[in-house]
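Chemist: All chains should be modelled from the sequences, with the hints used to inform the complete structure.
Residues in the sequence shown are numbered consecutively from 1, following UniProt numbering.
Take the hints with a grain of salt, since some may be wrong.
To be verified - Listed next, with one range per pair, are the computed distances between beta-carbon atoms:
1. 44 / 17: 16 to 22 Å
2. 43 / 17: 24 to 30 Å
3. 15 / 47: 24 to 30 Å
Claimed, not checked - Cut-off 30 Å, straight-line C-alpha distance, at most; resulting in silico cross-link-like pairs (DSS-like, lysine-lysine):
4. 15 / 40
5. 13 / 40
6. 15 / 47
7. 47 / 13
These aren't lab readings, by the way, just hints derived from the structure by calculation. Think of the CB as a built atom: it goes at the ideal place given N, C-alpha and C, for glycine as much as any other residue.
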Amino acid sequence: MIEDGGKAAVCEKLKVGDELININGSTLYGSRQEALILIKGSYRILKLTVRR
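Modeler: Spelled out as structure tokens, the structure:
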């Protein structure tokens, strides 16, 4: 979930409360740590699917 005050909240396309459901083709199951690993492990291209 996009958190208030976080770096993602500054982005104009993401909004506080948005839920990341897919990162680069990998489905997320609610773990913040899992999302961070996928984001940090991506190389140059980051494709997010968000539920609003």
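Chemist: Could you run down the list of hints and mark each one as holding or not?
Modeler: Each hint, compared with the structure:
no. : hint                : in the structure
1   : 44 / 17: 16 to 22 Å : violated, 28 Å
2   : 43 / 17: 24 to 30 Å : holds, 28 Å
3   : 15 / 47: 24 to 30 Å : violated, 18 Å
4   : 15 / 40             : holds, 20 Å
5   : 13 / 40             : holds, 20 Å
6   : 15 / 47             : holds, 16 Å
7   : 47 / 13             : holds, 13 Å
Hint violations for this structure: numbers 1, 3, all remaining hints satisfied.
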